[in-house]
Amino acid sequence: MPITAYLVLGALVFAIGLFGVLTRRNAVGILLGIELMLNAVNINLAAFARLHGDVAGVVFALFTIAITVAEVGLGLAIVIVIFRVRRTIDADHLNLLRG
Amino acid sequence: MTAETVGFCVVAVVLIASSLGVVLAPNLFHAVLFLAVALVATGGVFLLLDAAFLFGVQLLLYAGGVVTVLVFAIMLTERIVGQRLSQTNRHIVNGALVSAAVFVALAGFLVRRPGGAALPAVPGDATVAIGTALVGRYAGPFELLAVLLVAALLGALYLARTED
Chain Z
2 MPITAYLVLG
12 ALVFAIGLFG
22 VLTRRNAVGI
32 LLGIELMLNA
42 VNINLAAFAR
52 LHGDVAGVVF
62 ALFTIAITVA
72 EVGLGLAIVI
82 VIFRVRRTID
92 ADHLNLLRG
Chain E
5 MTAETVGFCV
15 VAVVLIASSL
25 GVVLAPNLFH
35 AVLFLAVALV
45 ATGGVFLLLD
55 AAFLFGVQLL
65 LYAGGVVTVL
75 VFAIMLTERI
85 VGQRLSQTNR
95 HIVNGALVSA
105 AVFVALAGFL
115 VRRPGGAALP
125 AVPGDATVAI
135 GTALVGRYAG
145 PFELLAVLLV
155 AALLGALYLA
165 RTED
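Order-wise, the sequence lines are chains Z and E.
Every position in the first sequence, counted from 1, becomes a number in the numbering used here once 1 is added.
Every position in the second sequence, counted from 1, becomes a number in the numbering used here once 4 is added.
Among the clues, some could well be false.
[Stated by the list, open to error] Now the stretches of chain E that chain Z is said to cover, found in silico as 3 or more residues with beta-carbon under 8 Å:
| no. | segment |
| --- | --- |
| 1 | 48-54 |
| 2 | 63-72 |
[Said to hold, decoys possible] Chain Z residues, not near chain E, derived (Cβ > 10 Å throughout):
| no. | residue |
| --- | --- |
| 3 | Met2 |
| 4 | Thr69 |
| 5 | Ile90 |
| 6 | Leu95 |
| 7 | Arg99 |
Read the hints as simulated data drawn from the structure, not as lab findings.
No experiment lies behind these values; they were computed from the predicted model shown.
Even for Gly, the Cβ is constructed at its ideal location relative to N, Cα and C.
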């Protein structure tokens with residue numbers, strides 16, 4: 002397969018994830034969209050690692066996965082705190098920081 | 005049609021369908037299950053790209069760890085399982101337009117660049133090279149990542165603790 006096929010697949014998954022981030026009401030749903038977008042980036046990294054025969058792309062994909070795990074842990078902790086304070090995680094109703 | 009082409013088509017269809025399920029499923033719990041399918045399908049893409057180690061990490065960390073944590077978060081924050089309001093906000097048309105525009109821009113750029121040739125085969129097992137790179141050239145970032153993970157998870161623990 003040409004690399005373009007993998008890159009277009011990554012772009013499509015990225016766009017789908019972006020749609021989820023933009024349209025989900027629930028904060029956990031927004032996190033799901035971010036997961037998809039980061040995942041799409043990993044496809045690109047792995048594809049370029051294969052194209053150039055260089056492991057740097059795979060190593061960077063590993064770093065991305067680890068950072069995503071940290072991001073999910075922190076994001077869900079924040080979601081749980083928000084739920085405890087406001088009894089909702091509907092992103093449309095979260096305006097605590099509005100001036 | 006080579007085996008790689010067939011495999012790519014199957015994995016791509018599964019990945020796109022489950023990704024759409026993630027963003028469109030009315031029940032958030034189903035969305036997480038679709039996400040698990042999408043992550044495993046991405047692992048399939050890694051296998052096609054001869055990154056077997058990445059496939060293992062993807063299954064262990066993402067499909068195993070992240071999905072479990074997400075399920076816990078949903079169970080902790082949803083008051084009534086199975087019955088709730090619309091999951092999408094009023095920006096659904098705008099969101100679709102913006103994401104379609106992003107995809108068209110990216111794909112338009114990608115198909116105009118040269119690179120139609122098939123990917124070269126990778127000689128041997130790349131896992132050894134990955135291990136060497138992680139403790140050699142990328143040892144600094146790797147250790148920094150460990151510190152970042154500990155800091156992030158301690159922060160998450162601190163945030164989510166109960167007051168008593």
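Status of each hint after checking the structure:
no.: 1; hint: 48-54; verdict: holds (count 5)
no.: 2; hint: 63-72; verdict: holds (count 4)
no.: 3; hint: Met2; verdict: violated, 5 Å
no.: 4; hint: Thr69; verdict: violated, 7 Å
no.: 5; hint: Ile90; verdict: violated, 5 Å
no.: 6; hint: Leu95; verdict: holds, 12 Å
no.: 7; hint: Arg99; verdict: holds, 17 Å
Consistency with the previously given hints fails for numbers 3, 4 and 5, ordered from lowest to highest.
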